[in-house]
Structures are given as structure tokens and as C-alpha cells.
Amino acid sequence: MKDKDSETASSNTGEQETASERILYCHCNYAQIIAPEVKQSVLKKLCASGRAFDAVADLCEMAARKDPALLRLTQGGGVKIAACFPRAVKWLFSGANVPLDRDHTEVVNMRENQADQVLERLLAADLQPNLPVDNQPPPASEQAGNTANRTS
Amino acid sequence: MSLTTSTTLRVVIMEPATAPTAENSQPFEKMQALLERGFAVTRATPRGKTAPTDRSSLLVLGHFSETEVAQGMETEGTEVRFRDSRTLDPDSTVALAEEMREATATFKHGAWKPWFPVIDYDRCTNCMQCLSFCLFGVYGVDDGDRIQVQNNDQCKTNCPACSRVCPEAAIMFPKYKTGPINGDQVANKDLQREKMKIDISALLGGDVYDLLRTRSEKAKSRFSKERNPDKALNERVKCLNKLANSGDIPPEVLMSLPSADEIQRRAVEAKAKADAALEKSRNPSP
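Chains A and B supply the protein sequences, listed in that same order.
Start counting the first sequence at 264; every next residue gets the next number (my numbering).
Start counting the second sequence at 734; every next residue gets the next number (my numbering).
There's no promise every hint is true.
Calculated from the model, a selection of chain A residues having no Cβ within reach of chain B, i.e. all distances over 12 Å [as the list claims (entries may be wrong)]:
hint, residue
1, Glu369
2, Gln377
3, Gln380
Listed next, the in silico PhoX-like pairs over lysine-lysine satisfying Cα-Cα at most 20 Å (straight line) [claimed, not checked]:
hint, chain 1, residue 1, chain 2, residue 2
4, A, Lys329, B, Lys841
5, B, Lys910, B, Lys922
6, A, Lys329, B, Lys846
7, B, Lys910, B, Lys846
In short, the hints are calculated from the structure, not lab data.
The model shown is predicted, which means the values in this text are computed figures rather than measured ones.
A virtual CB, placed ideally from N, CA and C, is assigned to each residue, including glycine.
Isolated chain B (complex conformation) (with noise of 0.2 Å):
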């Protein structure tokens, strides 16, 4: 996987024992302004207990004087940081932790969509229907030949194709609209539900590109017939719409699939991955 396993930033909210009073208020703003921005937050209240701490760096806000601020510390990489949080309103706050998240260099989200399968591996079969289907390489498998996301920021946003292949319902996508693939649970007529499926032979180069060459040989034919760009484009559009409608794929990922032959090198070498980590499985070496 090519993103940062690097962690986030953790800031810690203290409140104090009294009564919130007009300097220290607005705990949810704070809280809200920071998640917004990608920090993990701890609210510190005498009630409850919260995790515990690990060695990442640490921001921590409270009712501190100025020699506790200027205390801090830092060891082995790790920094810990006291600021009075009374006169911070929501916005300075987040400064604060930009600041702080820049100096320690830890994870500065935001630049990719979190969309990517999981693996409900109380359903998976380890059939590779998925690894032999996706072209994106966000599969592959792991020491034991079993199968595993492995390439999770090559996955399309919000393509959920991989997940309508599979056959027991397996893949999720927690952010998808509905269920079981956003993680609900699996009815039997989910299975059997023909929308569930669809035929992966029409995303491997086949069907895909049959399609839209005879769609653009025809478009071509009109237009040059008729010297109408419009309709022809209006053709592709018409195509796609339907790709996407019949099996829930966005048109943006079908307009970034590859050429029909590199789809089919892809084709072959994932299927040829599959088929080995199957054989593999069904004879395992002494």
C-alpha cells in the first residue's frame, strides 16, 4: 500500500472538575473544528475513562499557567504539548494543532477518499473471483495464499464492482449507500438476488469493449454521415449510462478503464495470480 502509515495527531481536551464558565466553553465546536480538520480528539473529564496513551505526540489543552506550558515534552521522538485552552476559540484551536501536526510531522489527511473493500472473512471463501476481477491491482494474497486487500488506494471511488462478483457477499464498502455491502448484515436473498451479480466476463474486456466499439463504429458512421459530433457523443454517453446503471459502476471509472488490450493483459495476469494461489492452496508444499 502506497499511503502513510504514519499516525494522526492526538489532541487531548482537559476539562476542569468546575462548572464550564463563558472562557473555557464550546467543547463540541473545538471538538467538531478538529475532527473536521483529521485530528483524532480525547475529551479528559473526571468521569469515564478514555484510551490510554501510546507513544505518538500528544497536544493537550486545559486551564494551565504559563510554567506548565512552557513545561512540555519531548522524548524519543515524542512531544507533548500543554496550552491553555482559555482563550482559544474553535479556529485558533485548529491553528494550534496544524502547527503542531506540521512540526511532528504526523498524518495530514485529506488528500485521498477512504474508498476501498473490506473483507468479511467470516464469508469469504477464498474463491479469487475478486483478485481475477479487479484490473486496479487492489488484490492480491497473502503468505498462507489467502486472499487480501492489498492495494487499497488503487480502488475506484465508489465503484463497488468487486463486491457484486463476489458470491457470498463478503466484500464491503462501508461508505457504499446501501446494504449488505455497506456492512449490514447478509439476507439470503441477497445472495440470491440476481442485481447482486454481475457477469465478469462483461468487465474483462469483453462485453465492455464489444459494446462501445459497435456503439462508436455506428456513432462514427453517423457522424460522418450526418457531421453530428453531438450525437455521437450522446451515443457514448448513452452506453456508459447504461454500463453504469446495470451494474452500479460509476461512469468515471468506466471512462478510466484502460485499453481493451491492456484490460486483457490485466485480465490474464490476475487470473493468473488467482489461479496460482489456488493451486497453491489446494496443494500446499511440504
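Isolated chain A, as found in the complex (with noise of 0.2 Å):
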């Protein structure tokens, strides 16, 4: 199936240097840990900014069910992703089997950051990969898994 959407923003773009990133936002539902003055201002200020972008409803609720739809959040290049911390967020999509390139992935911190700073980090022209670095391979189990959700 052809990507309407991506094909349609990637093409259309006249601001290569501010989209080059794709942005995932975090509504993290379930909980009141992020303020909710704080989810409503970056969200209503990414849809006010005429910027495409990807939103899901709690990338805890979707790990924890190894939703396959976390794969194609992977995918696609470099993201910013608007959640929590940045080990929480690493270790959350590994542990789904779908693993962040460390290189071109950013969490911003919407618990410790303010709409502002958070919608600043989002829109900036550079990525800033910021994933805690590995030391140590992941579980047997999670190689065999990722094979298999990449090739279903």
C-alpha cells in the first residue's frame, strides 16, 4: 500500500531544513504523571503549527502488548519523540522488540519540561539523539523477536 500522507508531506515540502524529522507525540493516557496543562499546550501548539506528525494514545499501554504498530513508529528515519524520560522511552520499545536507532532518535521530556521548551525541541531544524548508550547486548529473545515482527 502506497504511504499517501508521507509521500504527500515529503514531496510537498518547501521547509526541508525544519521537517526533516518525523515527531511522535505521547499522549500518555492512563496516567496524570505529565501535567496535563503541559500535553494539551504541545499538542494543540504541533496541530497549530501546521507540522505533520505522528500521536498515539500511551507507548506504555502499546509496548507492554508489543503492539505491531510501534514497529513503523521506528521507522521512516530520525524522530523527536515528545513522552518521558529518555530510559523509560529506550528501554520501552526495546522491550516491545522494535529497538530506537540511538543515532536518530530524541525523547523530549515532557515530565521535567516545560510546553515551551518541549515544542522548542520538537520544531528545531537539528536532532539531538540523546538515548542512553548501550553496554550490553539485548536479551537472546528479543533478537529472535525482532526478526520475526520485521519480517510478518
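Got two chains here, separate frames each, mind docking them using the hints?
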């Protein structure tokens, strides 16, 4: 199936320099750990920015279910993820057998930053990778599961 | 894991290149309403990229003619529907998405609060303390005898106890209130802090039940003497609260613990599983 929306977005953009990375916003639906005013403001301003982006209800919930949709969220180049702590986001994806690309992922923490700071990073032209550095290989099952997911 | 692995329905909101008008406004309201009902939403505009399309079903909302709406597609179980969004308000947008979710049997959210441990393998030393500790069968080992979360839906909501027994602070609960359990960076002081640790034996049937039994006997005795059921109840509540406060364990978790005998049985079982995995990793078979 053709990616109608992505294709439209990437072919028509006149602002490549500010739109080279994807944006993924997590609404953290199941808990009040992110201030509602921060979430609301970030989402509202993202909508008003005119930028294309993906949004999910709750990354934790998707990771727990190993939702196949997580795979596509890791694909398509560099990504800025508006969610919580980078360490948590890294291992959530990894636990769901779809590890993030450390060199092309920036996690913007909505638990610790104000909405304007979050927006500034999401819409910035540059990407600042900030996932914690690996020091151990992933578990055997993760590698096996990953292969299965990618070929399904 | 008993949780479904079905995918989430993706709703694509296509924005026209022209400025929004009254009838196509409310992108934020629509998006928020969809997210709160558990849908994955893509806002497609001429600026920027989005995640690629996979083989999951799509509901595409935009400025479509009747012919385009009627076109839709269905191939190998994947359905794509186009709908004209100009007359849709947030409620009717959600209703439309719900209808498609039913039709495509994609994931319906809301049945389970996603509270479960997430292992930081950069820190984990595979000591199996979490496996020995957890009475609810959340942990197991993979084919390489490495610790892993196997039944995350069996985890007790709001209970971070296993993260407190982890000597390396390698277990996170992303929805927990404070660091490093919430995924914040681990500082040396976190590893040294006594509060981080709780005595495993205290929750493996020994102290908890001794304490409860002693308190209960005392309360029973007072109950028989004073015939005051409130006092006995208060005593139990006080005891549970103390335990809850000392280990940050929700009282409802303590209340839902199985019987003392069952706890001992599960503890022995979990420990045997952990010992076997450790033994195997020390002496791998050729």
C-alpha cells in the first residue's frame, strides 16, 4: 500500500530544513504523570504549527501489548519523541522488540519540561540524539522477536 | 502474555494546503478526542514526514468528494476508508473511528492500565532477585536464561516493589511518580539509599504474615474481650498501612496477596526458577 500522507508531506515540503525529522507525540493516556496543561499545550501548538506528526494514546500500553504499530513508528528516519524520560522510552521500545535507533532518536521529556521548551525541541531543525548509551547486548529473545516482527 | 497483540487503528487527518476554514477547523479537538479513546493519529500536512504505512487498516479524514469516499480499499484484510471531514465535529469523528475499529477488529483500549516493569538491560546484572521476589509470575527467563518480563498484565497496579529489591535500580515503572524508578537517571545515591531496598524476606511470607498474624491475634483477643470489631479492623488497617508506607506498596496489593501457604509455595517455585536459570548461565550446556 502506498503511503499517501507521507508521500504528500515529503514531496511538497518547501521547508526541508525544519521538517527532516519525524515527530511522535505520546498522550500518556493512562496516568497523570505528565501535567495535563503541558500535554494539552504541546498537542495544541503542534496542531497549530502546520507540521505533520504522529500521535499515540499511550506508548506504555502499546509496548506492553507489543503492538505491531510500534514497528512503523521506529521506521522512516530520525524521530523526535515527546514522551517521558529517555531511559524509559528506550527500554519500552526495546522491550517490545522494536529498538530505537540511538543515533537518530531524540526524546523530549514532557515530565520535566515546560510546553514551550518541549515545542522548541520538537520543531527545532536539528536532532540531538539522547538515548542512553548501550553497554550490554540485548537479550536473545529480543533479537529473535525482532526478526519475527520485521518479517511479518 | 495474555494481552492482545492486535494493532491500534490509525486515523490519518489530512490537512489541506489552504488555510483552515470554520468547517475544517478543530484539528486539535479532533486529535485529542481520538487519542483519549486510544487511537493512533497521524496529522498529515505538506510540511514534514510521518511514520510509513504498514499493512494495518486506515481511516483517512480529509476533504474528499463523494466519489473518493466511495472508493475505499480492502486488500488482504487491510481496509482503507476515506471520509470527508468537513462536516465532522470531534464527537462524530470519534464515532466514525469507533465504527471502523469494530469492523476491523483492531485494538480497543481501556481494559487495562499499563503498569508493568521495564528492564534497563544496560544496568541489569541478571541476578534474578526480581524473579525470586515476584509472587505474581511477572518475570521469567528467555531462551538464553536472561531475565525478562513475561506476563506484564499480572503486575499489581501501582506496586513498584520489585524495583526496590533490584540492587542495580534496573527496573523501571515509567508511570511511577519519582526517579529513578520512573526512568530518570540513576545516581549513586540512589543505589546507596536504604529506602530503595526492601527486605525480600519481609514479603516472601515471613515477616508480613508474622506481623499480620501477631496483630490479628492481638486484635482477636481484644475483640473477644472488648467485643469491639472496629478496634480489630483499625488494628489491621494500621498494620497494612505501616507495611505499605515502609515499602511504598499499595495496601490493596497487600490485601490481594494470596494465603501464607500459597505465598511460600510460590516463593519456593520462583526461587527454584531463578536458581535454575542462574545455574544454567554459569554452566551452559555444550
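Now for the hints, and whether the structure bears them out:
Against chain B, the non-interface label of Glu369(A) holds: every CB pair exceeds 12 Å, the least being about 15 Å. Remark: the non-interface label on Gln377(A) is consistent with the geometry, its nearest Cβ contact in chain B lying 17 Å away (cut-off 12 Å). No Cβ of chain B comes within 12 Å of the Cβ of Gln380(A); the nearest lies about 17 Å off, and the non-interface call holds. Restraint check for Lys329(A) and Lys841(B): satisfied, since their Cα atoms lie roughly 14 Å apart, inside the 20 Å limit.
A distance of roughly 18 Å separates the Cα atoms of Lys910(B) and Lys922(B); the hinted pair therefore holds under the 20 Å criterion. For the suggested pair Lys329(A) and Lys846(B), the alpha carbons sit about 15 Å apart, so the restraint of at most 20 Å is met. With a CA separation close to 15 Å, the supplied pair Lys910(B) and Lys846(B) stays within the 20 Å bound.
Against the hints set out earlier in the document, no violation occurs for any number.
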